[in-house]
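There are 2 protein chains.
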Amino acid sequence: MKNTLSAAVILIGNELLSGSIQDKNLAHIAKELEVRGIRVRETRIIPDIENEIVDAITHLRNKFDYVFTTGGIGPTHDDITSDSIAAAFGVENVVQRHVFKQIENRFKEKGIPFTKAAQRMAYAPQGANIIETKHSIIPGYQIENVFVMAGVPSIMRLMLEGVIECLETGLQIHNIAIHANVGEGEIAAELETVQLRYPDIDIGSYPQDKNSEFSDYRVIFVFKGTDLSELEQARNSVFRACQKHGFEAIKV
Amino acid sequence: MKNTLSAAVILIGNELLSGSIQDKNLAHIAKELEVRGIRVRETRIIPDIENEIVDAITHLRNKFDYVFTTGGIGPTHDDITSDSIAAAFGVENVVQRHVFKQIENRFKEKGIPFTKAAQRMAYAPQGANIIETKHSIIPGYQIENVFVMAGVPSIMRLMLEGVIECLETGLQIHNIAIHANVGEGEIAAELETVQLRYPDIDIGSYPQDKNSEFSDYRVIFVFKGTDLSELEQARNSVFRACQKHGFEAIKV
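Listed in order, the protein sequences are those of chains A and B.
For the first sequence, counting from 1, position 248 maps to 248 in our numbering; every step adds exactly one.
Here our numbering runs 1000 ahead of the position in the second sequence, where the first position is 1.
Just so you know, these hints were derived from the structure itself, not from any lab.
Do not rely on the hints blindly, as some may be mistaken.
What the hints assert, rightly or not - Derived pair list, reagent style DSBU-like, types lysine-lysine, alpha-carbon separation capped at 35 Å:
#1 A/K210 with B/K1031
#2 A/K244 with A/K24
#3 B/K1210 with A/K110
#4 A/K116 with A/K134
#5 A/K210 with B/K1244
#6 B/K1024 with B/K1101
#7 B/K1224 with A/K251
#8 A/K210 with B/K1101
#9 A/K244 with B/K1108
#10 A/K24 with B/K1224
Using the sequences provided together with the hints, build the complete structure.
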């Protein structure tokens, strides 16, 4: 029987750690994977430092089915992801002739000088499987269970389309929810009872800020799992508990 | 001489990993710390699973000066942060009498039942230093170099105000930038030369999406460090390189 698969995401870049740029890639990757039965179980945000990248890659690729990285594959001095991934696998970071030609031609068409720095974008670790991407001349690549993508969200999304074609899929994971005007503490006992009755489902309880972009209600209860009828049953139990206490609630 | 201090942030919660909720805490924490000379060097997003929390806490608190956690300290079954942090320190998670009384009184005023579940919010690991927070009845706490805060952004921000009072400060870190209409590859060689000339400064190069919220320019160059006059010199060198090539650029 098919099961769900596990994944880690590594977001590489000083700018994400310092708060000067807000990550937009994790949520997109997680949602795209989830409908394919692959669940993100850990995410790390790490700086552009080789041994940090090597450590994260080595640890996470042994722990999870897949690892996805974003960032650090451009042409500047702080783009060291491919060098670091090569180091993690004990191979050289080598020029990919076909990619080199492709970028060179595109730069020529556009009249942009194909500098030594820009040529670094044509490198990938020896043995990597280059993943051609429609609409993007810079490809992502795969090496064993690690998939390497750009940090710029529009480019990352193009690469992910190609990456997804290379993945085994698991049992699809579904999400259903209740939005309710309830203090978490007032419904916590019933929530726990339902969680114990349906151990294969993950029930999460997320209190919302007053000006939340997600809901006008005070709390969101999320029911996540692979069996839709179990999810419905669990949600109905919590919904009835809200009604019993007189709390306003809607199913979403 | 004062130096900068290092920190890690652990964002705890399944909802962040699955992309159903977008983190808003990291950027705020990182910026508040940076002006106090404390730099976030790693962030992990992990699920509500005790041994994952224990592993992350144990590893990161030995590696960095400070660790800050958000999430998992509410009243529901998936709020296991305090239990897990107690386990990481090999102590019990115990009721904090003063906090208990405080929450009990507030619930009484508001006419909300102070359930057994809600009472869990008055627990913290034995030996923790409770950090009283203006405007929030639920306090954050400190245990050795680990600071524990709520996940809801409005509450986290209140707690952080109290937490900051407990921190040693380092040498303030400054950020200045150039926004430029340049292909990264065309300026990469000059950028690297400047980086080599000023090894104490971090120079980052961040290409922007067309509809970026950060800039109308194609690339942002960020100069980060503790010595403002060095930062200015490095920025001027890159600015002149942009001008030399005829690229439109502004200092920010």
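Going through the hints against the structure:
no. : hint                 : result
1   : A/K210 with B/K1031  : 23 Å, holds
2   : A/K244 with A/K24    : 39 Å, violated
3   : B/K1210 with A/K110  : 18 Å, holds
4   : A/K116 with A/K134   : 25 Å, holds
5   : A/K210 with B/K1244  : 51 Å, violated
6   : B/K1024 with B/K1101 : 31 Å, holds
7   : B/K1224 with A/K251  : 47 Å, violated
8   : A/K210 with B/K1101  : 26 Å, holds
9   : A/K244 with B/K1108  : 22 Å, holds
10  : A/K24 with B/K1224   : 23 Å, holds
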